[in-house]
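Top line first, the protein sequences correspond to chains A and B. For the first sequence, the working numbering assigns the number 1 to the initial residue and increments by one for each residue that follows. For the second sequence, the working numbering assigns the number 1 to the initial residue and increments by one for each residue that follows.
A hint or two may mislead.
Said to hold, decoys possible - If you want the footprint, here are the derived chain B segments under chain A, 3+ residues with CB under 8 Å:
hint, stretch
1, 9-19
2, 58-66
Stated by the list, open to error - A short list of chain B residues far from chain A (calculated; beta carbon distances all over 12 Å):
hint, residue
3, Ala4
4, Arg49
5, Ile54
6, Arg55
7, Asp69
8, Thr71
9, His76
10, Thr81
11, Ser88
12, Glu94
These aren't lab readings, by the way, just hints derived from the structure by calculation. Yeah, the Cβ is synthetic: ideal placement off N, Cα and C, and Gly gets one too.
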Amino acid sequence: MVPLDKIRSLPERFPLSCQWEITCRCNLRCAMCYTNCLNRQEFIRRELSTAEMLRILDEMADAGTLELCLTGGEPLSRPDFFLIYEQAVRRGFLVTVFTNGTLITDSEADRFAALPPHRIEVSLHGSTPQTFERVTQHQGSYHRCLRAIRLLLDRHLPLTLKTTALSLNQHEILSIKQYAASLGSVRFKLGQDLRSELDGGAGPFRYALSETERQELNRKDPLLWEEACRQSQTDLPPCRSGMQKFHIDAYGGMQLCSGNRRQSYDLRNGSFREGFFEVLPAFACEHKKPELSALLQLMTHRG
Amino acid sequence: MNPAAIYTHNSDYVQRDVAGECILVPIRRNLTESNSIYVLNETGAALWRRIDGIRSLQTIANEFVEEYDVTAEQFHQDLQTLLTDLLSIHAIHEVTVTDGPTG
Chain A
1 MVPLDKIRSL
11 PERFPLSCQW
21 EITCRCNLRC
31 AMCYTNCLNR
41 QEFIRRELST
51 AEMLRILDEM
61 ADAGTLELCL
71 TGGEPLSRPD
81 FFLIYEQAVR
91 RGFLVTVFTN
101 GTLITDSEAD
111 RFAALPPHRI
121 EVSLHGSTPQ
131 TFERVTQHQG
141 SYHRCLRAIR
151 LLLDRHLPLT
161 LKTTALSLNQ
171 HEILSIKQYA
181 ASLGSVRFKL
191 GQDLRSELDG
201 GAGPFRYALS
211 ETERQELNRK
221 DPLLWEEACR
231 QSQTDLPPCR
241 SGMQKFHIDA
251 YGGMQLCSGN
261 RRQSYDLRNG
271 SFREGFFEVL
281 PAFACEHKKP
291 ELSALLQLMT
301 HRG
Chain B
1 MNPAAIYTHN
11 SDYVQRDVAG
21 ECILVPIRRN
31 LTESNSIYVL
41 NETGAALWRR
51 IDGIRSLQTI
61 ANEFVEEYDV
71 TAEQFHQDLQ
81 TLLTDLLSIH
91 AIHEVTVTDG
101 PTG
């Protein structure tokens, strides 16, 4: 018997890892959020029901999916969140939860502790209430987030703190990182890319850092600089989305990844296996290595 | 090892089949083991599936030797190793107290 942190040998195409945006509901209104445009009753009404979610969860488990990231919106704003979460853990998924933390009280922290997640990632967008709440646009959210961090740590849950670099909080990024380091076992992640809202809106880009500002920020910290250098490499491996990773949206649409929703397979009206193995391979992605389509290809020999 | 002993799975572990691998996922884990899963080889997986709270080790051994091309001695070693491993991570526990020798 061998302890592992990941499966060693997988077929080239296998549904190992799912990111599931289980709702676009959220109690905050973060300035750079790309899902908040769908945080309205007419869209929420169309989100997957509990029964639909549990059925899809079962189909993914049967197909061998192991890693499951539950995100939103704010996942805990679904009234049935813990029902879905606990079923996922009991089925043996390695569950990661992305949350803003502000809905976590003793009761929620106890439920997480009873069936712990593989990882829980809390967004901490500032090291002061002023900056944090300038991002979240919600008074009181800073202290609720810090309370969640403490509750999760008290229960020895595997925690990551993360934020997105914005013009609103760039001056506090390093102090957020230092705060995470001061907590011992807590990891830190920094996102630096913004994306369009799901309805096509460009609102988040109002808060984007300029290239110079990004460089200035990254130069202040060796680990941030190392990561920036890694991401600027031109020989990064081709995108693997749709091969061993996939995305499901709040309405049951399965896509290659969260950032590419141009094509979607409707899990409400089809099976997971059909969607992943028969439909997803035909979805387009400009970051994928082109497959060889012809048996004979013209090559230019440079002597 | 007491051949009359009967073991059962600990409900804190979930067995998954992932891409042909038999995996044990601990679902009530602490921080130090939060990233570990356990992979059983083919023999280990076959044994795990027979540990059911009903069959004794002797019954399992008899079934195994009959079904697979393996000597009783070799199988005994494999069984002992697997039991030690599974007990060390609390993936199984004994369900009966028997009169036979232990160890």
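Verification of the supplied hints:
Remark: the stretch 9-19 of chain B is confirmed as covered by chain A, as 6 of its residues place a Cβ nearer than 8 Å to a Cβ of that chain, reaching the required three. Using a Cβ-Cβ cut-off of 8 Å, 0 residues of the stretch 58-66 of chain B lie near chain A, which falls short of the minimum of three, so the contact claim is violated. Here alanine 4 of chain B stays apart from chain A, with its beta-carbon at least about 24 Å from theirs, past the 12 Å limit. Annotated as non-interface, arginine 49 of chain B keeps its C-beta farther than 12 Å from every C-beta of chain A; the closest such distance is 14 Å.
No beta-carbon of chain A comes within 12 Å of the beta-carbon of isoleucine 54 of chain B; the shortest separation is about 22 Å. In this structure arginine 55 of chain B is separated from chain A by more than 12 Å, as the shortest Cβ-Cβ distance comes to about 20 Å. Distance check for aspartate 69 of chain B against chain A: the nearest CB is about 22 Å away, which clears 12 Å, and the non-interface claim stands. Taking the minimum C-beta to C-beta distance to chain A, about 21 Å, the non-interface status of threonine 71 of chain B holds against the 12 Å cut.
Remark: the non-interface label on histidine 76 of chain B is consistent with the geometry, its nearest Cβ contact in chain A lying 17 Å away (cut-off 12 Å). With 12 Å as the threshold on Cβ separation, the claim that threonine 81 of chain B sits away from chain A is violated: the shortest Cβ distance comes to roughly 8 Å. At roughly 9 Å, the least C-beta separation between serine 88 of chain B and chain A is not larger than 12 Å, which violates its mark as non-interface. Its beta-carbon lying about 18 Å from the closest one in chain A, glutamate 94 of chain B satisfies the requirement of being farther than 12 Å from that chain.
In summary, the numbered hints that this structure violates are 2, 10, 11.
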